[in-house]
Every structure is written in structure tokens, then in C-alpha cells.
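Enquirer: Sequence lines, in order, name chains R and U. To convert, note that position 104 of the first sequence is 104 in the numbering used here; the numbers rise steadily by one, no gaps. To convert, note that position 179 of the second sequence is 179 in the numbering used here; the numbers rise steadily by one, no gaps.
Hints may be right or wrong, so weigh each one.
One-sided excerpt, in silico: chain R residues whose CB lies under 7 Å from chain U [said to hold, decoys possible]: (1) L56; (2) L86; (3) Q88; (4) K89; (5) I91; (6) L129; (7) I148; (8) I150.
Simulated restraints on C-beta separations [what the hints assert, rightly or not]: (9) E103(U) - K161(R): 34 to 42 Å; (10) T81(R) - E170(U): 34 to 42 Å; (11) Y119(R) - R120(U): 25 to 33 Å; (12) T81(R) - E29(U): 44 to 52 Å.
The set of hints was computed from the structure by calculation and includes no laboratory data. C-beta: ideal position from N, C-alpha, C; glycine also.
Number of protein chains: 2
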Amino acid sequence: MPLQNIKVIAFDADDTLWVNETFFRKAEEDFCALLEGYMPKEEANKLLFDMEIGNLPLYGYGIKPFTLSLIEAAIVVSKGTMPIELVQKLIDIGKKMLEAPVELIDGIEITLKELSKKYRLVMATKGDLLDQERKLIKSGLEKYFHHIEIVSDKTEKHYKKLVKHLDIQENEFLMVGNSLKSDILPVLNIGAHAFHIPFHTTWAHEMIYEEINHPNFKSFTKASDLLQIL
Amino acid sequence: MPLQNIKVIAFDADDTLWVNETFFRKAEEDFCALLEGYMPKEEANKLLFDMEIGNLPLYGYGIKPFTLSLIEAAIVVSKGTMPIELVQKLIDIGKKMLEAPVELIDGIEITLKELSKKYRLVMATKGDLLDQERKLIKSGLEKYFHHIEIVSDKTEKHYKKLVKHLDIQENEFLMVGNSLKSDILPVLNIGAHAFHIPFHTTWAHEMIYEEINHPNFKSFTKASDLLQIL
């Protein structure tokens with residue numbers, strides 16, 4: 001059974017260890033409500049999404065890029081007519097997100113506790129280092145991880161680099177995460193293992209619609225299910 | 001001679017490998033010029049600095065936090081009366097900084113080339129991962145580095161973690177950088193080596209006024225001077 005080879009298990013952070021996407025959805029709702037006088041909510045939300053995707057190559061992932069996109073999108077939505085107070089409100093939405101309490105995913109702590117006795121665990125995220133470190137400390141999960149791996153994106157190239165950096169072989173690496181696009185497909189493509197634990201909300205940019213049928217792939221409904229096979 | 005122990009040399013990135021602070025100074029000047037109608041330049045600059053320092057614990061270092069602080073400071077400077085177009089101009093200042101070409105520090109390439117034959121070189125920065133990776137690729141210096149180490153701050157605690165992560169002893173580690181506060185003092189304090197190569201401009205927050213007299217410390221006027229002793 002090839003799972004016996006596994007030496008390092010990497011966990012995605014946002015929506016795998018703790019709730020994240022829910023905060024973005026809430027912020028998008030607040031954005032649309034604040035700008036309802038200028039544009040119907042659904043249209044404003046679409047414009048914000050396009051702004052985020054347009055800024056992604058330059059800004060990368062995280063709350064600070066999101067905040068800048070909120071402001072830039074609001075300028076477009078209001079055709080440059082919104083009051084300045086609204087800009088401060090959007091900045092404050094971002095600050096509130098950065099300061100939000102950490103809400104653990106069900107069963108994740110016991111899962112990490114048990115797995116950390118048998119494997120080297122790392123946290124692998126494409127978020128913002130300062131922000132992810134802060135969440136990790138607030139979460140109380142820090143003690144289970146050997147270290148944090150921050151990658152600017154989660155592509156095959158990045159995972160190859162990560163595996164090399166961990167000084168192991170591809171088939172000794174297991175990634176656990178909620179995003180098929182970021183945590184699963186590129187990992188399977190380099191010959192490593194990938195387990196999927198979906199979160200109820202996924203950002204449209206991370207959505208893929210594909211059946212996965214791969215010997216190194218498994219899907220679970222909750223974190224603690226991992227303990228049945230690892 | 002204790003330098004013979006050195007196994008890994010870490011280079012700071014901004015203002016050690018390439019020009020950086022100059023772009024921030026230019027952006028601050030642009031900010032003050034844009035807001036001159038509301039507040040004398042020097043006063044606006046002071047307010048911007050205070051805003052950046054106030055936001056530092058929440059936002060961390062880099063161009064995106066700086067851009068958010070530009071906007072928030074402009075709201076205060078103009079007492080909420082600036083036109084929305086100004087907000088877009090400030091966002092564009094940040095985007096221009098992210099896209100700016102990389103200007104290498106004199107003599108750094110030949111220095112890295114020679115040192116990479118004898119030591120493992122890493123880049124150690126508290127900047128933004130995506131932004132620093134982009135600069136490293138643009139710079140053409142990537143081939144000389146084993147990997148990038150991104151830290152959320154450069155304190156003794158962070159350097160201890162870094163040395164542990166590199167799997168070496170403190171006295172086998174040498175840090176080279178332009179900031180006494182970030183690259184030199186915390187490194188000396190953990191028993192490692194630190195070489196200072198000042199850049200002509202230093203952010204006020206990084207300034208320290210102190211004579212350093214430590215057996216593991218040396219100061220150089222230019223990068224290529226390193227080759228005389230390493």
C-alpha cells in the first residue's frame with residue numbers, strides 16, 4: 001500500500017484548518033450593500049470578481065490584495081462618485097478581516113494531534129505570510145506543525161520545489177486541502193498523493209468541475225476521516 | 001579564523017541586491033505633491049509615516065501595505081475631502097512600484113557568482129513573497145540562490161528559526177544586509193555572523209544610531225568587498 005511511504009503531510013490552511021472563504025463572502029456582501037445605490041448587487045459582485053482576477057498576477061492572494069480590489073472596484077461601480085467615507089469603510093472591512101478570530105474546521109485539532117505523532121506535518125499556503133502566521137498562532141495548532149511553507153502560487157512547479165525543499169521523494173508527499181485546483185490536481189500531476197476535504201464554500205476562481213479518478217487521490221467529508229487510513 | 005565555519009550566507013533582498021528604498025521615497029514625494037493643496041509636504045509625509053507604523057503590526061511590510069497606508073493617510077490629510085480620482089492615483093502609484101524594473105546594486109552579481117561556488121546562498125527577506133520572487137526572477141540573480149526564505153519579521157526569534165530550518169549551527173550562518181536593525185543586530189545577538197553594506201537611503205523605521213563593536217561583525221562600502229575575505 002503506497003500510503004506507507006508517506007513521510008510529510010502538508011495541510012492547506014484557509015478552509016482546511018480554519019474557516020476563511022466565509023469571511024470573503026461576507027465582505028463581498030458588505031461591498032455590494034454599500035454600493036447598492038450605484039449598481040445592482042449581482043452586477044457589482046461580478047465587477048469585483050473581475051477586478052480581483054485582473055489584479056491577481058500583480059497582487060497575489062490574501063486580504064490586502066482583496067482590500068485594494070474592493071476600493072478599485074468601488075471606484076468603477078460608483079463611476080468615481082462615491083464619497084471618501086466609503087473608501088475608509090472598505091479599508092476597515094479589510095482590517096476587520098485581518099483581525100477576525102480564528103474558527104477551526106470541525107475535528108481538525110484531534111486529526112493533527114494524532115497525525116503529528118506519525119508524520120512530519122507542514123502547513124502549505126499561498127496566502128500572506130504575516131496573516132497566516134497570525135492565524136496559526138491564534139488557532140493553537142502551531143505545535144503540530146514542523147514549519148510553514150509559503151508559496152506564491154500552487155502549481156506543479158511550486159509543488160516540485162516544495163518537495164525538493166522538504167528533501168523527500170514525490171511519492172513520500174501527501175497534500176491535504178479543500179481546493180481541487182490548488183491542493184489536489186497539481187499534486188497528483190507530480191506523482192504525489194492528494195486528499196480532498198471539501199469546504200462548503202469555494203471561491204469561483206478555485207472551482208473546477210471534473211471527476212478525479214487517480215490511485216493517489218481520495219476524498220473525505222471531514223478531517224477526522226483521515227485517521228481511519230493514516 | 002571563525003569565518004571558515006560559514007556554510008550558509010543569507011542575503012537581504014531590498015537595498016542589498018537591488019534598489020528599493022529609492023522607489024518608496026519617490027512614492028512619498030508623489031503622495032505629498034498630490035496632497036499639497038491640503039497640507040504642507042513635510043507634515044503630510046510625517047502623517048504618512050505614522051500611518052505606516054500604525055498599520056505595520058496588522059499589515060506587515062511591502063508595497064501593498066504601503067499602498068493601503070497611502071490611501072488611508074490621504075483621507076486624513078484631506079480631511080475626507082479629496083476627490084475619488086486621487087484614490088485611483090494612489091492605487092496606481094502602488095501598482096507602478098510593483099511593476100518597476102529591477103535595478104541591481106553595484107557589483108552584486110559578480111559577488112554572488114563567486115560566493116555561490118563556495119557557499120550555499122539564500123535570500124532572506126521580510127517583504128512580500130510574490131513581489132520578491134518577481135524581483136528575483138527579473139533580476140537574473142535567481143541561479144545563485146539555493147532558495148528564498150521569507151520571514152514575517154527579522155527578529156532574533158525569526159533568525160533562530162531560520163538557522164534551525166537551514167539545519168546548521170548559529171556560527172555557520174552569515175547574514176549580509178543593509179539594515180543594522182533587521183539584518184545585523186538580531187543576527188549578532190544569536191551568535192551568528194553579520195556583514196553590513198549600507199545603502200544610501202534607509203527608511204526612518206529601520207534607522208538605528210549605534211556603534212557596533214562585535215567580533216562577528218564587519219562593515220563594507222560595496223558588495224564586491226566581500227570577495228576579499230570570503
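Enquirer: Hint check: is the beta carbon of I150(R) less than 7 Å from a beta carbon of chain U?
Expert: Holds, because the Cβ-Cβ distance from I150(R) to chain U comes to roughly 5 Å (cut-off 7 Å).
Enquirer: Could one say that the CB atoms of Y119(R) and R120(U) fall in the range 25 to 33 Å?
Expert: Holds, since Y119(R) and R120(U) (Cβ atoms, about 27 Å apart) stay within the stated range.
Enquirer: Take the shortest C-beta to C-beta distance between Q88(R) and chain U; is it under 7 Å?
Expert: holds (6 Å)
Enquirer: Look at the Cβ atoms of T81(R) and E170(U) and judge whether their distance stays inside 34 to 42 Å.
Expert: violated (58 Å)
Enquirer: For the hint on L129(R), just tell me whether its beta-carbon gets within less than 7 Å of chain U.
Expert: Status holds, d = 5 Å.
Enquirer: Using the Cβ atoms, figure out if T81(R) sits within 44 to 52 Å of E29(U).
Expert: violated (29 Å)
Enquirer: Please verify that hint: L56(R), Cβ, nearest Cβ of chain U, below 7 Å or not.
Expert: At 10 Å from the nearest chain U Cβ, L56(R) fails the 7 Å test, so the hint is violated.
Enquirer: Hint I91(R) vs chain U: min CB-CB distance below 7 Å?
Expert: holds (6 Å)
Enquirer: Double-check L86(R) for me: the hint is only fine if its C-beta lies closer than 7 Å to a C-beta in chain U.
Expert: violated (9 Å)
Enquirer: Is 34 to 42 Å a correct range for the gap between the Cβ atoms of E103(U) and K161(R)?
Expert: Once the Cβ atoms are compared, 27 Å apart, the range 34 to 42 Å for K161(R) and E103(U) is violated.
Enquirer: Return the status of the interface hint for I148(R): holds when the least beta-carbon distance to chain U is below 7 Å, violated otherwise.
Expert: violated (10 Å)
Enquirer: Can you verify the interface hint for K89(R): is its Cβ closer than 7 Å to any Cβ in chain U?
Expert: Since chain U brings no Cβ nearer than about 11 Å to K89(R), farther than 7 Å, the hint is violated.
Comparing the model with each numbered hint stated earlier shows that hints 1, 2, 4, 7, 9, 10 and 12 do not hold.
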